[in-house]
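Q: With the hints as your guide, set chain G onto chain Z.
Line order of the protein sequences matches chains Z and G.
Numbering-wise, my numbering puts 48 at position 48 of the first sequence, and it's gapless, one number per residue.
Numbering-wise, my numbering puts 269 at position 269 of the second sequence, and it's gapless, one number per residue.
A portion of the hints provided could be inaccurate.
Note that identical chains are pooled: a pair holds if it fits in a single copy or bridges any two copies.
To be verified - With a straight-line Cα cutoff of 20 angstroms, these simulated EDC-like cross-link-like pairs (lysine to aspartate or glutamate) come out:
hint : residue 1 : residue 2
1    : Lys268    : Asp12
2    : Lys146    : Glu133
3    : Lys13     : Glu311
4    : Lys326    : Glu387
5    : Lys378    : Glu56
The hints are simulated quantities; they were obtained by calculation from the structure and are not laboratory data.
From a predicted model like this one, the values you see are computed outputs, not experimental measurements.
Chain by chain, the residues run as shown.
Number of protein chains: 2
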Amino acid sequence: MITNQYLQSLADKSVIRTLSEWSTARGAEIGYDNVFDYSLGNPSVPCPPQFTAALERLLQTQEPVALHGYSPSQSLPSVRAAVAENLRRRFGIPYTAAHIFMTCGAAGALAHALRCVAAPGQEVITFAPYFPEYKPYVEGAGLVLKVVPPRTADFQIDFDALERQLTPNTAAILVNTPNNPSGAAYSAATLTRLAGVLAAASQKWGHIIFLISDEPYREILFGGKTVDYVAKFYPHTLTCYSFSKSLSLPGERIGYLAANPACEMADKIVPICAQISRGIGHNCPASSIQLAVAECLEQTSDLTVYEKNMELLYAKLVALGFRVQKPGGTFYIFPQSPEPDAVAFSEKAKKYDLALVPGDSFGCPGYFRMAYCISTEKVQRSLPALEKLMHTEYPR
Amino acid sequence: MITNQYLQSLADKSVIRTLSEWSTARGAEIGYDNVFDYSLGNPSVPCPPQFTAALERLLQTQEPVALHGYSPSQSLPSVRAAVAENLRRRFGIPYTAAHIFMTCGAAGALAHALRCVAAPGQEVITFAPYFPEYKPYVEGAGLVLKVVPPRTADFQIDFDALERQLTPNTAAILVNTPNNPSGAAYSAATLTRLAGVLAAASQKWGHIIFLISDEPYREILFGGKTVDYVAKFYPHTLTCYSFSKSLSLPGERIGYLAANPACEMADKIVPICAQISRGIGHNCPASSIQLAVAECLEQTSDLTVYEKNMELLYAKLVALGFRVQKPGGTFYIFPQSPEPDAVAFSEKAKKYDLALVPGDSFGCPGYFRMAYCISTEKVQRSLPALEKLMHTEYPR
Numbered sequence: 001m002i003t004n005q006y007l008q009s010l011a012d013k014s015v016i017r018t019l020s021e022w023s024t025a026r027g028a029e030i031g032y033d034n035v036f037d038y039s040l041g042n043p044s045v046p047c048p049p050q051f052t053a054a055l056e057r058l059l060q061t062q063e064p065v066a067l068h069g070y071s072p073s074q075s076l077p078s079v080r081a082a083v084a085e086n087l088r089r090r091f092g093i094p095y096t097a098a099h100i101f102m103t104c105g106a107a108g109a110l111a112h113a114l115r116c117v118a119a120p121g122q123e124v125i126t127f128a129p130y131f132p133e134y135k136p137y138v139e140g141a142g143l144v145l146k147v148v149p150p151r152t153a154d155f156q157i158d159f160d161a162l163e164r165q166l167t168p169n170t171a172a173i174l175v176n177t178p179n180n181p182s183g184a185a186y187s188a189a190t191l192t193r194l195a196g197v198l199a200a201a202s203q204k205w206g207h208i209i210f211l212i213s214d215e216p217y218r219e220i221l222f223g224g225k226t227v228d229y230v231a232k233f234y235p236h237t238l239t240c241y242s243f244s245k246s247l248s249l250p251g252e253r254i255g256y257l258a259a260n261p262a263c264e265m266a267d268k269i270v271p272i273c274a275q276i277s278r279g280i281g282h283n284c285p286a287s288s289i290q291l292a293v294a295e296c297l298e299q300t301s302d303l304t305v306y307e308k309n310m311e312l313l314y315a316k317l318v319a320l321g322f323r324v325q326k327p328g329g330t331f332y333i334f335p336q337s338p339e340p341d342a343v344a345f346s347e348k349a350k351k352y353d354l355a356l357v358p359g360d361s362f363g364c365p366g367y368f369r370m371a372y373c374i375s376t377e378k379v380q381r382s383l384p385a386l387e388k389l390m391h392t393e394y395p396r
Numbered sequence: 001m002i003t004n005q006y007l008q009s010l011a012d013k014s015v016i017r018t019l020s021e022w023s024t025a026r027g028a029e030i031g032y033d034n035v036f037d038y039s040l041g042n043p044s045v046p047c048p049p050q051f052t053a054a055l056e057r058l059l060q061t062q063e064p065v066a067l068h069g070y071s072p073s074q075s076l077p078s079v080r081a082a083v084a085e086n087l088r089r090r091f092g093i094p095y096t097a098a099h100i101f102m103t104c105g106a107a108g109a110l111a112h113a114l115r116c117v118a119a120p121g122q123e124v125i126t127f128a129p130y131f132p133e134y135k136p137y138v139e140g141a142g143l144v145l146k147v148v149p150p151r152t153a154d155f156q157i158d159f160d161a162l163e164r165q166l167t168p169n170t171a172a173i174l175v176n177t178p179n180n181p182s183g184a185a186y187s188a189a190t191l192t193r194l195a196g197v198l199a200a201a202s203q204k205w206g207h208i209i210f211l212i213s214d215e216p217y218r219e220i221l222f223g224g225k226t227v228d229y230v231a232k233f234y235p236h237t238l239t240c241y242s243f244s245k246s247l248s249l250p251g252e253r254i255g256y257l258a259a260n261p262a263c264e265m266a267d268k269i270v271p272i273c274a275q276i277s278r279g280i281g282h283n284c285p286a287s288s289i290q291l292a293v294a295e296c297l298e299q300t301s302d303l304t305v306y307e308k309n310m311e312l313l314y315a316k317l318v319a320l321g322f323r324v325q326k327p328g329g330t331f332y333i334f335p336q337s338p339e340p341d342a343v344a345f346s347e348k349a350k351k352y353d354l355a356l357v358p359g360d361s362f363g364c365p366g367y368f369r370m371a372y373c374i375s376t377e378k379v380q381r382s383l384p385a386l387e388k389l390m391h392t393e394y395p396r
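Extracted from the complex, chain Z is given alone in its bound form (with noise of 0.2 angstroms):
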């Protein structure tokens, strides 16, 4: 019997991909090129050349019975020890193929991480702005996603607000730093706090809350900065990672989950994950996937036109009167919306060809995402257009 659960859940369609619709059939009208779709966060930059090479060579060179075989259901104990291998140099964090489990990318993480730490009913704490999907993921393990309010400032920490969510029936907080859709990137200070406020939570209720870390943008920061891995700052945490991102293979779906050695039953963390894969069909990424990905462990694609688009866009922004932070990293900006309903100012950027996503599925009303991972040239295109929008919808 098909029940009512689903087919309701068909009319919640994603905002984000309504106005990737958008862009697309306007593109069959005036060719896509002069669409400034600004809408997907689809990375823009072929993979780096030596994934191919490592994929091709796996192919050529290896058993074809072996290659493309079952993975243990922990995942591939050869991957799982060079990623622990690879976190371990970079981050200090003595990580082992234990504490690893390998994942179709981060959503599948995610998926066990939540699973792991938290039984039917409880609660999960994200801030936001936050990624949409988090609370299909949340809401399918049969939990209870609640949601800080925006610190829009800075777009760092509203710890007061957090204080008043958090409950003994908290199991998890989810953070994504650097964030989509804010571009922020949380600061030492924040962590070292928000660490803080978790080891006096877990005290106070006298079970460990977790610390969910949802890193697909880690490696794209602007300024030459340095990541503040988040589970050096406190020790029960699952760090859920994508190589969708830095390697450009979203549709890959490879990542992992990770647990800090540090944390509550860490050697446990990843039987446990092998155990939920049964139960919602997982059973692992494509082994062929996973080894080649494990030769690149050291690579990314080239992420640098992220930030020259960053810088393009930001300059145009300030310039033209928008509040707007400077994001510390991925490949959004989400500046405030010249008028409160960034809805309406999303329909209106449609007559200029401009697809702008407006906050309110993230949580946060009132501001607007650019996801900027399109050609430079198309970013250089898209300004006039922008300046055109301001200057004819809201003089001054």
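A: Quick look at chain G alone, frame taken from chain Z:
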């Protein structure tokens, strides 16, 4: 807070996996080549060269950004269309791309099918002997698995027993033909009668009971038979397929769900699957694997070795006095144990370096499974060990 839910499941270790680990350990002592490891259903023949060539060609000729880009949430349109065309032509059912949802193997297909047609708390009925992972698959979706006892005379369906299990709370029936572990393929007569029973029960209870058909062994049929395609017998059928066995790609996690265009709400099944994916972190199989498989829909690995192995084993088992049904397909055979306790028999078999899986975990005590996806040469060498086991432990 890490809960007991999954910690407890860690103790629930797979008998098959335990036996496979015994084989590996024993292999470390006497050489794995001397262990007659019939434990795991892992294909032993390589993928067809066309698959390797297709993936290499994609890597060499496609733009990386497109090749490795996100699949739409309903999976890649060109791949869905190719699968639909293939099924249409082979089985005469008017599938279109709208009815096909690409999944991470049969496990992914089943995870979606179960959530699509059943609401938490509803019942799913399967037939012993059955693949033990059905239990976590069904329970992971919040459903109740009910098992119809085996009809050991021929491993077809005991319809009287099925009728006793049908209730107003039955959402779906889960079949697996050709069957793991029995090797039996349902006859057209069985499938016709099953369709009649389901149509009558659907009418009686006032809701459609879906048929979920798990078909990873569809192409491994013996005796020159062609498949009785399950969905041809009952309109409300969701076919769950995997290329793991037919193309020897189990680690690449690639398969599909095909909704019979005549089923209830046929045009909603795939959109519902895309919604389900968000909640379980599935998000489509790897894009390059989807594309490569779409070019190999007419191919299979060389599957003849399985029939050769089956004939060798079947003849020897019969000669040794086993009660055994001749498999109609798969790479499994499921003889009756020479003593009622198949676990005790399996323990004795280890003394002869034979890894035989007791039928208890398949819901069929007193039988045992041999997975003969190993080299024919090893099957031949195992025959004297089988003989010695029988003559020593069970003298007439």
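Q: Next, verify each hint and record whether it holds.
A: Against the structure, the hints come out as follows:
Taking the closest pair of Cα atoms, Lys268 and Asp12 come within 20 angstroms of each other only across two copies (14 angstroms); inside a single copy the shortest separation is 36 angstroms, beyond that limit. For the homomeric pair Lys146 and Glu133, the shortest alpha-carbon distance inside one copy (14 angstroms) is at most 20 angstroms, but the shortest distance between copies (34 angstroms) is not. Proximity of Lys13 and Glu311 under a CA criterion of 20 angstroms is satisfied in neither setting, with 32 angstroms inside one chain copy and 54 angstroms between copies. Taking the shortest Cα distances, Lys326 and Glu387 sit within 20 angstroms of each other inside one copy (19 angstroms), while across copies they are farther apart (76 angstroms).
Neither within a single protomer nor between protomers do Lys378 and Glu56 lie at most 20 angstroms apart by alpha-carbon distance, with minima of 33 angstroms and 32 angstroms respectively.
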